[in-house]
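K.L.:
Take these sequences, add in the hints, and give me the full structure.
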Amino acid sequence: MKKYLTQIIAVLILVKPNMVWATADQSQTNSPPAQTRSANVTGFSLSVGGSFFTNQTSSKVSYDYQNLFGGSLGAPGFEVYDSYDTQSIAGLQNGVKIKLSHVGRFFGRVMLGLSLNALYGPDLKTSIQSYTFTDSTGAPDNPATYELDSSFQPKPDLSVGFEPGFLIGDSLLVLFKISAHNMNATVNSSIPATVTGTTGAPVTTQTSISKNFLGYGAGVSLRFSLNEHLYYDLSGEAVEFLGQKIDAPSLSNANDEITITQTQYITPKWTEVTVAFGYFF
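When we follow the working numbering, the leftmost residue of the sequence shown carries the number 125, and every step to the right adds one.
Don't read these hints as lab results, they were simulated from the structure. Careful: at least some of the hints might be erroneous.
[Claimed, not checked] Cut-off 27 Å, straight-line C-alpha distance, at most; resulting in silico cross-link-like pairs (DSS-like, lysine-lysine): (1) Lys184 x Lys279; (2) Lys369 x Lys393; (3) Lys249 x Lys393; (4) Lys335 x Lys249; (5) Lys335 x Lys279; (6) Lys249 x Lys369; (7) Lys335 x Lys393; (8) Lys335 x Lys369; (9) Lys184 x Lys393; (10) Lys279 x Lys249; (11) Lys249 x Lys184; (12) Lys279 x Lys369; (13) Lys335 x Lys184; (14) Lys279 x Lys393; (15) Lys369 x Lys184.
P.N.:
Below, the structure is given as structure tokens:
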């Protein structure tokens, strides 16, 4: 009996440490992982940022030029219908963009997003300088120098964007954007007091017309998530609108019996880069 008891004690001495170690290993395996705060790339978010623009807005001006006096050749009065193009005035414009968006996971690392955007700020300008009118034979006629300036002010540009993309790593989201735009804008046009070649100062008018423009855009954005709530976004987009026909300023001079009436077909267009900071709800 004593022999058997001695053997049992020996077995317990050998087995017990193994049981303790096994229990310790099991408790470590079953313990929950440490909680860490990870970056967020999906859900609803709101961002505000500064936008910078390069202006590519252009317009075509059609005019009716009447000279009852007869023009440079002293011929009977004539009437000429023609057109000229205005060019965008270069220069960097700036504005503010507000964006409400939602991004969801489509499958794997492929994402789908929708956004509502409001853009405030740009003042896009076009101009033509030193345009030469001609009489019915094609010879230059008065006024000798002529200029038309236009200023295009969106207030604001509203757009809806469809934004598919993919996730790189855990915090970088690349989104491609296709957007539809609806914009109310005021177009201010004038003929500066630089008209020369007329007998006496001509009478000119100014126009200020509000119009609604529909357009489209395409771009890409890089969204860097900082944590579960904060991110910053670098995006670029090219935007172009369907043209609108508006009345343009007119010019008349009673001494020379000249009358110029005009219509303007303006096509807003720009390329923008936006740097924004956002918050995930």
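K.L.:
Do the alpha carbons of Lys249 and Lys369 lie within 27 Å of each other, as the hint requires?
P.N.:
Holds, at about 16 Å.
K.L.:
Check whether the Cα positions of Lys279 and Lys369 lie no farther apart than 27 Å.
P.N.:
Measuring from Cα to Cα gives roughly 19 Å; hence the hint holds.
K.L.:
For the pair we were handed, Lys279 and Lys249, check the Cα-Cα distance against 27 Å.
P.N.:
Distance of about 15 Å is within 27 Å: holds.
K.L.:
Lys369 and Lys393: Cα distance at most 27 Å?
P.N.:
15 Å, holds
K.L.:
Take the C-alpha atoms of Lys249 and Lys184, compute the straight-line distance between them, and say whether it is at most 27 Å.
P.N.:
Cα-Cα ~14 Å, so holds.
K.L.:
Can you confirm whether the C-alpha distance between Lys184 and Lys393 stays at or below 27 Å?
P.N.:
Holds, at roughly 14 Å.
K.L.:
Straight-line Cα separation of Lys249 and Lys393 no greater than 27 Å?
P.N.:
11 Å, holds
K.L.:
Can you confirm whether the C-alpha distance between Lys335 and Lys279 stays at or below 27 Å?
P.N.:
The hint holds at about 11 Å.
K.L.:
Please work out if Lys335 and Lys393 have their alpha carbons no farther apart than 27 Å.
P.N.:
Satisfied, since the Cα-Cα distance of roughly 15 Å is no more than 27 Å.
K.L.:
Given the hint that Lys335 pairs with Lys249, test it: the Cα-Cα distance must not exceed 27 Å.
P.N.:
16 Å, holds
K.L.:
Given the hinted pair Lys335 and Lys184, is their Cα-Cα distance within 27 Å?
P.N.:
16 Å, holds
K.L.:
Take a quick look at whether Lys369 and Lys184 sit within 27 Å of each other, Cα to Cα.
P.N.:
9 Å, holds
Violated hints: none; the structure is consistent with every hint.
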